[in-house]
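Chains as they are written, first to last, in our numbering: chain A, 106 to 274; chain B, 292 to 735; chain C, 292 to 735.
One should not assume that every hint holds.
[Said to hold, decoys possible] Pair by pair, the computed Cβ-Cβ distance ranges are: (1) Lys549/B to Arg606/C: 46 to 54 Å; (2) Ile464/C to Pro362/B: 33 to 41 Å; (3) Pro502/C to Lys224/A: 56 to 64 Å.
[Stated by the list, open to error] Here are some, though not all, of the chain A residues that point toward chain C, as calculated from beta-carbon distances under 10 Å: (4) His149; (5) Ile150; (6) Pro204; (7) Met206; (8) Asn211; (9) Asp217; (10) Ile220.
Hint data in this document are derived by calculation from the structure and do not stem from the laboratory. Ideal Cβ positions, reconstructed from N, Cα and C, are used throughout, including at glycine.
Take a look at the letters that make up each chain.
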Amino acid sequence: MFNKKAIIFAVLLGVLIGIGAFTFKYAEGFSYLSSDPEVCVNCHIMTPQYDSWQKSSHHTVAVCVDCHLPHDFFGKYIAKAENGWHHSKAFTLQNFHEPIMIKEKNKRILQDNCIECHKDMVHELFKRDMTEPDAVSCVHCHASVGHGALPTSIGGADRGVKREREDYD
Amino acid sequence: LFNIAERKSEEKTPYERLVEVTEDTTDPAVWGKNWPKQYDSYKRTALATRTRFGGHGGSEALPEEKIERDPWLKRMFKGYAFSIDYRDRRGHAYMLEDQEQTKRQTKPQSGSCMHCHSSIMPVYRELGDGDALAGMNKTHAMPYKELNEMVHDMGHAHPVSCVDCHDPESMQIRVTRPAFIVGMQRLAESDAPVPAIPSIDIWRQGSRSKPYDPNEDATRNEKRSFVCGQCHVEYYCSSDFPLTFPWSNGLAMENIEKEWNDTKLSSGERFYDYKHKETGAEILKAQHPEFELWSQGIHARSGVSCSDCHMPYMREGASKVSDHWVRSPLLNVNRSCQTCHHVDEKEILARVDAIQQKNFDLLQRGGAALMDLLDAVEAAKQAGASDEELKPALELQRKAQWRLDYIAAENSMGFHAPQEAARILAEAADYARQGQVEATKLIK
Amino acid sequence: LFNIAERKSEEKTPYERLVEVTEDTTDPAVWGKNWPKQYDSYKRTALATRTRFGGHGGSEALPEEKIERDPWLKRMFKGYAFSIDYRDRRGHAYMLEDQEQTKRQTKPQSGSCMHCHSSIMPVYRELGDGDALAGMNKTHAMPYKELNEMVHDMGHAHPVSCVDCHDPESMQIRVTRPAFIVGMQRLAESDAPVPAIPSIDIWRQGSRSKPYDPNEDATRNEKRSFVCGQCHVEYYCSSDFPLTFPWSNGLAMENIEKEWNDTKLSSGERFYDYKHKETGAEILKAQHPEFELWSQGIHARSGVSCSDCHMPYMREGASKVSDHWVRSPLLNVNRSCQTCHHVDEKEILARVDAIQQKNFDLLQRGGAALMDLLDAVEAAKQAGASDEELKPALELQRKAQWRLDYIAAENSMGFHAPQEAARILAEAADYARQGQVEATKLIK
Ligand SMILES: [Ca+2]
Ligand SMILES: [Ca+2]
Numbered sequence: 106m107f108n109k110k111a112i113i114f115a116v117l118l119g120v121l122i123g124i125g126a127f128t129f130k131y132a133e134g135f136s137y138l139s140s141d142p143e144v145c146v147n148c149h150i151m152t153p154q155y156d157s158w159q160k161s162s163h164h165t166v167a168v169c170v171d172c173h174l175p176h177d178f179f180g181k182y183i184a185k186a187e188n189g190w191h192h193s194k195a196f197t198l199q200n201f202h203e204p205i206m207i208k209e210k211n212k213r214i215l216q217d218n219c220i221e222c223h224k225d226m227v228h229e230l231f232k233r234d235m236t237e238p239d240a241v242s243c244v245h246c247h248a249s250v251g252h253g254a255l256p257t258s259i260g261g262a263d264r265g266v267k268r269e270r271e272d273y274d
Numbered sequence: 292l293f294n295i296a297e298r299k300s301e302e303k304t305p306y307e308r309l310v311e312v313t314e315d316t317t318d319p320a321v322w323g324k325n326w327p328k329q330y331d332s333y334k335r336t337a338l339a340t341r342t343r344f345g346g347h348g349g350s351e352a353l354p355e356e357k358i359e360r361d362p363w364l365k366r367m368f369k370g371y372a373f374s375i376d377y378r379d380r381r382g383h384a385y386m387l388e389d390q391e392q393t394k395r396q397t398k399p400q401s402g403s404c405m406h407c408h409s410s411i412m413p414v415y416r417e418l419g420d421g422d423a424l425a426g427m428n429k430t431h432a433m434p435y436k437e438l439n440e441m442v443h444d445m446g447h448a449h450p451v452s453c454v455d456c457h458d459p460e461s462m463q464i465r466v467t468r469p470a471f472i473v474g475m476q477r478l479a480e481s482d483a484p485v486p487a488i489p490s491i492d493i494w495r496q497g498s499r500s501k502p503y504d505p506n507e508d509a510t511r512n513e514k515r516s517f518v519c520g521q522c523h524v525e526y527y528c529s530s531d532f533p534l535t536f537p538w539s540n541g542l543a544m545e546n547i548e549k550e551w552n553d554t555k556l557s558s559g560e561r562f563y564d565y566k567h568k569e570t571g572a573e574i575l576k577a578q579h580p581e582f583e584l585w586s587q588g589i590h591a592r593s594g595v596s597c598s599d600c601h602m603p604y605m606r607e608g609a610s611k612v613s614d615h616w617v618r619s620p621l622l623n624v625n626r627s628c629q630t631c632h633h634v635d636e637k638e639i640l641a642r643v644d645a646i647q648q649k650n651f652d653l654l655q656r657g658g659a660a661l662m663d664l665l666d667a668v669e670a671a672k673q674a675g676a677s678d679e680e681l682k683p684a685l686e687l688q689r690k691a692q693w694r695l696d697y698i699a700a701e702n703s704m705g706f707h708a709p710q711e712a713a714r715i716l717a718e719a720a721d722y723a724r725q726g727q728v729e730a731t732k733l734i735k
Numbered sequence: 292l293f294n295i296a297e298r299k300s301e302e303k304t305p306y307e308r309l310v311e312v313t314e315d316t317t318d319p320a321v322w323g324k325n326w327p328k329q330y331d332s333y334k335r336t337a338l339a340t341r342t343r344f345g346g347h348g349g350s351e352a353l354p355e356e357k358i359e360r361d362p363w364l365k366r367m368f369k370g371y372a373f374s375i376d377y378r379d380r381r382g383h384a385y386m387l388e389d390q391e392q393t394k395r396q397t398k399p400q401s402g403s404c405m406h407c408h409s410s411i412m413p414v415y416r417e418l419g420d421g422d423a424l425a426g427m428n429k430t431h432a433m434p435y436k437e438l439n440e441m442v443h444d445m446g447h448a449h450p451v452s453c454v455d456c457h458d459p460e461s462m463q464i465r466v467t468r469p470a471f472i473v474g475m476q477r478l479a480e481s482d483a484p485v486p487a488i489p490s491i492d493i494w495r496q497g498s499r500s501k502p503y504d505p506n507e508d509a510t511r512n513e514k515r516s517f518v519c520g521q522c523h524v525e526y527y528c529s530s531d532f533p534l535t536f537p538w539s540n541g542l543a544m545e546n547i548e549k550e551w552n553d554t555k556l557s558s559g560e561r562f563y564d565y566k567h568k569e570t571g572a573e574i575l576k577a578q579h580p581e582f583e584l585w586s587q588g589i590h591a592r593s594g595v596s597c598s599d600c601h602m603p604y605m606r607e608g609a610s611k612v613s614d615h616w617v618r619s620p621l622l623n624v625n626r627s628c629q630t631c632h633h634v635d636e637k638e639i640l641a642r643v644d645a646i647q648q649k650n651f652d653l654l655q656r657g658g659a660a661l662m663d664l665l666d667a668v669e670a671a672k673q674a675g676a677s678d679e680e681l682k683p684a685l686e687l688q689r690k691a692q693w694r695l696d697y698i699a700a701e702n703s704m705g706f707h708a709p710q711e712a713a714r715i716l717a718e719a720a721d722y723a724r725q726g727q728v729e730a731t732k733l734i735k
């Protein structure tokens with residue numbers, strides 16, 4: 106249908122406008138409204154997660170960033186920059202994997218945040234593991250807390266964090 | 292309010308120790324002073340439980356005889372102690388006394404038996420001057436009664452105890468059993484695929500300078516299954532050579548069969564556990580390969596551990612503890628299954644029942660085929676067939692019985708890996724019938 | 292941003308129509324003017340695809356011969372048209388021409404064949420003066436060639452088309468095929484458990500004043516499988532009686548076998564599809580029971596429909612459309628599987644391969660057993676065994692072949708219900724060997 110030139114042009118244009126517009130909006134979103142889920146759904150691509158979060162057991166107690174961004178200041182800043190760039194690039198180029206699946210790095214941020222809020226509940230389990238790379242993933246059993254049950258009601262398989270970290274880097 | 296205050300304190304000091312525990316503290320009651328919640332649930336393994344296929348039937352006093360329930364089992368074991376007394380398993384609390392009391396003891400048993408029925412590690416260290424493996428390697432030559440007495444005298448006559456799965460310092464779960472550690476090392480050195488145990492792949496890609504060490508190299512999630520794999524496995528356990536977990540070719544049924552076929556007895560003969568009383572076939576006995584069958588299933592390769600289902604976390608006040616009342620998950624579906632499968636309990640039980648029913652039917656089908664094989668061999672002998680002529684039929688009996696027993700002895704009635712269990716039973720029936728054909732040809 | 296604006300508008304008016312479509316509009320190109328995205332993907336079913344067991348091998352021109360790849364299949368079908376020409380299936384675009392060109396047409400075929408290979412509904416209505424069922428019930432008596440010409444002449448010679456699955460008014464999915472509707476009504480009236488189809492249980496608990504109507508009573512999710520169940524099912528399709536989906540005892544393999552065994556041919560004989568050329572056994576032919584096998588699996592009872600895997604939603608800008616390029620999900624894992632299984636693609640493919648490999652091995656095992664049965668019968672005949680004496684062996688051949696063919700003809704290589712497929716193949720091998728024993732006894 107399209108000819109090659111048109112596609113290339115479209116992509117380049119997309120990249121320019123896209124990165125410009127989105128990273129701005131996105132970064133802004135993160136820095137000021139960082140706790141407002143609306144920011145995340147600036148991208149319709151986040152809508153499924155937004156909707157499912159509203160149905161989840163946590164929507165009254167935790168917003169996106171509570172789970173997905175480090176709670177400490179610097180970590181938050183770095184993750185923002187990293188994810189911000191990543192997301193807008195991916196979104197503009199539309200070249201990301203669908204369905205979107207959380208990556209190892211973000212899984213670990215997530216895990217820390219679970220524990221952050223629930224250390225009282227799980228202290229016995231994690232007394233020794235907070236720093237351990239191979240703590241059993243909360244999501245291994247509680248995949249549904251953030252976004253309701255997957256159709257399988259199953260979270261990602263726990264294939265051993267060591268191996269997955271290698272894949273990520 | 293008190294209540295809350297109380298909880299808060301609970302939270303702060305979960306591991307506050309009232310008493311010291313060491314590698315030699317095998318008495319769970321002592322550990323229980325430090326960790327009363329786990330100890331309380333641990334003690335419940337003395338309670339009788341029953342599901343359709345799990346737990347045990349029979350009186351509270353003694354579990355039901357498997358060999359009475361399925362007469363073909365009894366005939367399959369003719370010539371072996373299992374044909375005398377072979378019952379349903381029951382809770383961990385009984386493991387030692389049930390072993391001491393089984394009528395299988397009327398035949399001389401080896402010291403190896405103690406490996407999985409008592410908190411024996413200090414005794415192994417004693418026998419091996421500190422080296423547990425060396426110690427274990429002496430026990431197969433000892434009569435059961437002798438080693439059993441030694442365990443009693445040294446004060447370690449407890450069923451599986453805290454120290455068998457926990458490091459007394461850190462409380463980390465860990466494995467202790469030498470036979471398991473050796474078995475896992477051989478597995479790691481093989482090139483068998485192990486999707487259920489990713490840490491082995493990682494070790495294989497490493498320098499291999501040190502042998503694979505389950506306590507060092509495995510993830511905690513894997514250890515949540517390893518602790519069980521110390522005992523819920525197929526084994527050789529008699530006086531000819533040390534207790535062996537046959538994993539050097541892999542964890543699949545065929546891999547294990549190959550290891551036994553490649554093994555020689557000190558007599559120089561090809562390995563066998565017993566000769567069948569009726570036919571004289573050299574038979575392989577399979578014992579509770581839960582760990583092996585699990586490893587072939589979808590749960591295992593999804594990282595679901597034994598403990599996830601058999602020791603689920605339970606809420607205790609403001610904290611969570613692992614339910615140490617190790618038992619059938621069907622008695623605890625909401626914790627064992629529903630955290631992952633958000634479907635109602637009736638449906639979950641129906642799914643299990645559908646799987647187990649199909650497996651049960653295939654098991655009976657295999658049993659019938661094996662009985663027909665034995666009858667045919669009988670008839671062929673009557674008709675004057677020579678041992679030489681009977682050889683093919685007897686080889687097929689060995690293959691068929693190995694497969695049939697493998698799933699009969701496994702305790703989940705196929706649940707741990709439904710397709711794999713069905714596949715093994717399909718081969719069992721096929722080989723049994725092939726043997727029947729061979730024997731029938733000899734009935735002139 | 293343009294790109295966003297565009298997407299926004301899309302979301303608003305997906306169904307704005309450029310042309311009118313009615314119950315008689317069988318030409319997909321016309322519908323395509325209104326729904327170009329679906330039509331574009333629909334047209335792709337003309338592309339050749341290949342996975343290890345799916346799609347088709349062979350040239351682009353013609354799929355590979357199954358009966359050459361597995362010679363035992365050919366021998367199993369001796370005496371039936373399938374032994375002449377039986378190939379891999381391929382995309383929907385080819386369904387009509389492949390049917391017209393198969394050498395099975397060298398034997399007279401019935402008009403019933405057209406039910407699942409063309410967009411035939413207007414022709415049924417024509418033949419039945421508006422009543423499609425009445426129309427279909429005339430077609431089994433018509434020669435294939437005659438009905439095929441009629442379909443061409445009336446301008447409906449298209450492969451399965453939009454109108455076969457969609458209501459032209461509302462675009463709702465719906466079923467049209469009379470044989471499916473009748474089959475489902477019988478299933479509903481039985482008391483067979485149907486965990487995969489909850490709406491049947493609901494209907495059963497109701498007044499039952501009107502027969503179960505898949506279009507009225509079923510949920511949309513169920514219809515996402517029903518549309519496929521119109522064709523991907525076991526059937527009787529010859530000239531003796533109308534096209535039949537044998538579900539009056541349930542959807543399990545045994546239920547269907549029972550229905551065939553209880554059916555009488557107009558000749559008064561017990562039902563059979565053909566007599567085996569070598570042995571004379573009365574054989575049942577199984578055809579692609581995808582719907583039936585799926586219904587016995589865990590996906591079905593978890594509410595996972597055919598369309599979830601074979602027609603996954605794909606994002607087109609801001610809107611989602613169902614991928615009408617119906618094909619192997621293994622060519623589209625991220626949409627077909629990863630929406631539900633958050634596991635990386637390599638692992639998902641490995642899981643499928645493990646399941647299919649086991650199923651494939653059992654299939655070959657069953658084939659070998661059946662060949663041995665045929666050889667034994669052969670030998671028994673040579674030895675002068677009478678038909679009367681051979682009866683037990685031939686009855687067992689019927690049972691064995693039914694089971695073996697059931698899984699051989701099913702197109703997922705066991706994936707749709709792994710344990711159930713293995714169970715069926717286990718029975719196939721067992722019965723084949725039992726037959727071999729019976730025949731061997733007759734070899735004096
Ligand atoms: Ca053994
Ligand atoms: Ca048929």
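Going through the earlier hints one by one, which of them does the structure break, listed in rising order?
-> 2, 8, 9 and 10
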